[in-house]
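*Asks:* Listed here are the chains, written in short residue letters.
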Amino acid sequence: MPAKPTRRGGEQSMVPRAEFQSYYGRPVIKPPTWKTPDVPAYFFLGGLAGASSAMATLAEIGGRPRLVRIGTLAAGLGAAGGTAALIHDLGRPERFLNMLRVFKPTSPLSMGSWLLASFGTLSGAAAASTVTGLLPRAGTAARAGAAVLSPVMMTYTAVLVADTAVPIWHDGHRELPFVFAGGSLTSGGGLGMVCAPPKDSGPARAMAVAGAGLELVAEQRMSSRLGMVAEPYHRGRSGRWMRAGKLLTAAGALGTLAARRSRVASVASGAALLAGALCTRFGVFDAGMVSAKDPKYTVVPQRHSHDHEH
Amino acid sequence: MTNQLYGPVDDVAAQAGHADDHPPRVGFLTDTSVCIGCKACEVACKEWNLVPEDGMDLLGSSYDNTGDLGANTWRHVAFIEQAAPRRELVDLGMPGKGPPGHVAEGLPDAPPGGQQTEQSDRDVRWLMMSDVCKHCTHAACLDVCPTGSLFRTEFGTVVVQEDICNGCGYCVPACPYGVLDVRPEDGRVWKCTLCYDRLSDGMEPACAKACPTDSIQFGPLDELRERGAQRVRELHEAGVEEARLYGEDPNDGVGGDGAFFLLLDEPEVYGLPPDPVVTTRDLPSMWKHAAAAGATAAAAVIAAFVGTRR
Ligand code: SF4
Ligand code: SF4
Chain G
178 MPAKPTRRGG EQSMVPRAEF QSYYGRPVIK PPTWKTPDVP AYFFLGGLAG
228 ASSAMATLAE IGGRPRLVRI GTLAAGLGAA GGTAALIHDL GRPERFLNML
278 RVFKPTSPLS MGSWLLASFG TLSGAAAAST VTGLLPRAGT AARAGAAVLS
328 PVMMTYTAVL VADTAVPIWH DGHRELPFVF AGGSLTSGGG LGMVCAPPKD
378 SGPARAMAVA GAGLELVAEQ RMSSRLGMVA EPYHRGRSGR WMRAGKLLTA
428 AGALGTLAAR RSRVASVASG AALLAGALCT RFGVFDAGMV SAKDPKYTVV
478 PQRHSHDHEH
Chain R
1150 MTNQLYGPVD DVAAQAGHAD DHPPRVGFLT DTSVCIGCKA CEVACKEWNL
1200 VPEDGMDLLG SSYDNTGDLG ANTWRHVAFI EQAAPRRELV DLGMPGKGPP
1250 GHVAEGLPDA PPGGQQTEQS DRDVRWLMMS DVCKHCTHAA CLDVCPTGSL
1300 FRTEFGTVVV QEDICNGCGY CVPACPYGVL DVRPEDGRVW KCTLCYDRLS
1350 DGMEPACAKA CPTDSIQFGP LDELRERGAQ RVRELHEAGV EEARLYGEDP
1400 NDGVGGDGAF FLLLDEPEVY GLPPDPVVTT RDLPSMWKHA AAAGATAAAA
1450 VIAAFVGTRR
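Read top to bottom, the protein sequences are chains G and R. To convert, count from 1 in the first sequence and add 177; that's the working numbering. To convert, count from 1 in the second sequence and add 1149; that's the working numbering.
Quick caveat, the hints were computed from the structure, so don't treat them as lab data. These numbers were taken from a predicted model, which means no experiment stands behind them. Among the hints, erroneous ones may be present.
[Unchecked claim] Derived DSS-like pairs: lysine-lysine, alpha-carbon spacing no greater than 30 Å straight-line: (1) G/K470 x R/K1358; (2) G/K423 x G/K470; (3) R/K1437 x G/K423.
If we strip away everything but chain R, and leave its shape as in the complex, we get (with noise of 0.2 Å):
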């Protein structure tokens, strides 16, 4: 079993040891630009998971009064109010009013613009993001767990055996997106398991299962990545020139995200960061000034020895 740091790996699975015949590598496609902010994904995920309720606060943040990602928010979904240029509408492939099978054809009739700004050439544009542990391919969580909670399933997703967890809370900061945290009153952390007793059981899982408008979007990680690929394709051509995907480079800091996105603003506007990198990409070099440093103090202590009189 080699355990590469850095880069891309064609099979996570059989890198951490899964017999030949492991499922193929699943994950999540989250499309902002038909994400409609109902919060179905982190009600599902929710009572599926049995995650806790924690706290009920007005955050002040637009319809977001979950905050983050943590132990108890496994799905979070952001809200962001920005003011932007006027533009023509235009169709997002939304799904539409009728009965099952009907698809809506065009644009409802709507005034031009949406809400108004105070300048007149300015509308607020809303964005929403369903954010979710990325299932990173180089996970730090998973490197620096020194118990083994954190695991690789062979699904290719990411996991903490709670049974197994002695809530060191390494993971914690070691994750460049700021997923895992621990649950105070119980002491182990938690986070996404991308419903790993669903998939076992053939299932998808339950935010995509409940998201209405397919913003939550499962299956397996290659497809997932044409279809991404496409559906930028499609908004470019729809004039949506600022839709990009984040995470679905295997060249990127984590080796590609399992769960990624389809964005229509920087990362950071929905609180990711714009290039993040698995810590131990430099573990080696950590050791190497490490062992440098430990011998400059070794022979700091001989010299003192050698080179005192009595």
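So that you can see chain G by itself, here it is in the shape it has in the complex (with noise of 0.2 Å):
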């Protein structure tokens, strides 16, 4: 006996019941190809990469040569990591250099292949030039260079993300960059706390305190706005990593109170607010998958859309 197209309800939740009709369950869009941990690693990279970036130049201007080093090398390390991440993730890698083929402003991957190249390049030459001591001013003019394009790189991955079909990502579209900055902001700041000594490692330990509040405030008010289409952040696998990001998040920024004085507690929350911006990113790529293979977040919203507007 052939099954019949599926009706069913919504799961238990805390919104009505969702009626819906589908074709055999099936999705209607497909979900992402991207791999994992390619993709929601290359997220964090890079918005590490951008974070430390800022970090490092205006450490210059402050006059604190540790955190210059720390945000130097990070960026640099950051950016070549999440290059080859992204590079990794592609059906055909060699054609990488495909992504420089045109400039394309309708897709943010083109522009962040050319933002990635050209902070890359940037962000790379400040790190030699750091490591080897060589051509020191040039290192410095490529540092502030980098800087000028962190905000955007600790931004713009929730653009892409966001640019897509799949609800729980388009749907958050307006709040998405403020997760992302803010994640890159603690992980920015948590690396200096782990990497620099408990007196040089303020600035870095304010960053993360802003961070990890925009983060959590961002992440509350997008959930509380998609309503049921925000399902995945709070359930299932993908729920517990949002679960884990925000409960690392609060206690590393909890505990930059005693990483004032302490270098252990500065390692161990500069380690738990790195870790909580990085389970937040994988958060987020997961609920979009799910969000992506169940036709009901599809269908609902659009269902209503159409009812309501036409």
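Each chain sits in its own coordinate frame; assemble them with the hints.
*Replies:* So, in structure tokens, the structure goes:
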């Protein structure tokens, strides 16, 4: 007996039961073919590199050589690692340079590739100069150039995922850049706390606390605005990633209080902040997969807009 | 060359930069009311385009053992079995038996109703639909492609250039209809080309050519839209009130589909999104929020250094 097209309700949830129809429960849209850990790692490393580069340049202005060094190296390595992850994720890695074949404002990945190429070159040059001690002036200029691009490095991957048909990503396009900016700040600050002694890492702690606040508030607002579409942020594996991200970020932010005096506390809370930012990126990525694979998240909101706006 | 992200577009080929003497925009009208589920379109497409086989599975979804559109399926025939209230048979204008040119008059002798269900007043109603890439006016796949591999042809259709695609996979979750996918053994994405090679030689696409009932009609889009509206009027007059067009409206979320449909139930029953919107409609808002988030992050880093005493 052939199965009938499913007509089923949502699982138990806070929102009213969502009755909807689908074709044998099949997804309406295709889930991304992006691989994990490549792509969430690329998001994390890009954000870390961005925040670190901003930290390095401001530390240079403020005369904090330890943070200059840490930030410069992290920016260079983060950008290189992120680029490697991105290339590894391609179906045809040998054609990576096709990314720079056109300059296409409607494609966040085209814009992102140009950004990554520029930022990676500048931060790589700054890191090379820091390691070798050669051409210090050019190194400083490269560091400053990278810092100018850093705000976009911290946020553009949010645009990248939001510019898809995946409901939980697309519908969250207003808050996601703030979530990612917050996570970038906590990871950059966290790295400073891990690598520098407490007396030098004051600004890193302040960055981390600001980032944690930004991330947690933006995440909360996104979840409440999206309603049932945000379910994957609270359930299953993606929900566990998000919860772990929140807990680690909050714990790391609280830990900054003790981190002023204790090197151990500084390393521990810095590590928690880094882990928290990483977990949130994995959570957002996983939640997108769930959101794409369950036709409920595509059909229910569209049925609603179709019935109410036409 | 203007790049409009949303709303009706008079001439998609001209917008994409094709010279004024380009051919008219073409497309498909897939009239599901006369589809008999023979899958000739699926086969003809595979044969002509040398699309590899994608496994022999029994999916348990009526006669549909193909499942969905993807890298190796560019036409997909959906089968839906429903229990519907018994009603008088309606002449849908199917081609009849007889010598060429002969038109069958009226309906053959058939018992009232069709296949029985458990309830005596309800019969099985079969819905069959041959799905395909919609060749959207605002094609999200094309907008987000970072390499320029996806492009708009002079016929107004949307085609992947396989020698350029690097398999980044961005187009896959961007398509609001779940049409594209990566071919794993090959690493690149593949989809319906609306038989670009045949069009260039003045031939109609293979699926339309093979369709024995003219369920798939090929032609200039303006003409198809008129034909579709006319066909809906006829069906309504014949008492098929559930007949409706899907994707023909230039004011819909994707600016209208180049390949649109005549359906006999809600779109989601066939696995189609009820109210698709091209994701790039919101791209300006995404970048605006990313800019605000980036500025917030930059301000947070500056404040972290300015506000931290040594
Ligand atoms: S249906 Fe999907 S693959 Fe086809 S043109 Fe539209 S967005 Fe692109
Ligand atoms: S997978 Fe190929 S066609 Fe799709 S967006 Fe990437 S480069 Fe373009």
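*Asks:* Run every hint past the structure and note whether it holds.
*Replies:* Do the hints match the structure? See the list:
| no. | hint | in the structure |
| --- | --- | --- |
| 1 | G/K470 x R/K1358 | violated (34 Å) |
| 2 | G/K423 x G/K470 | holds (25 Å) |
| 3 | R/K1437 x G/K423 | holds (26 Å) |
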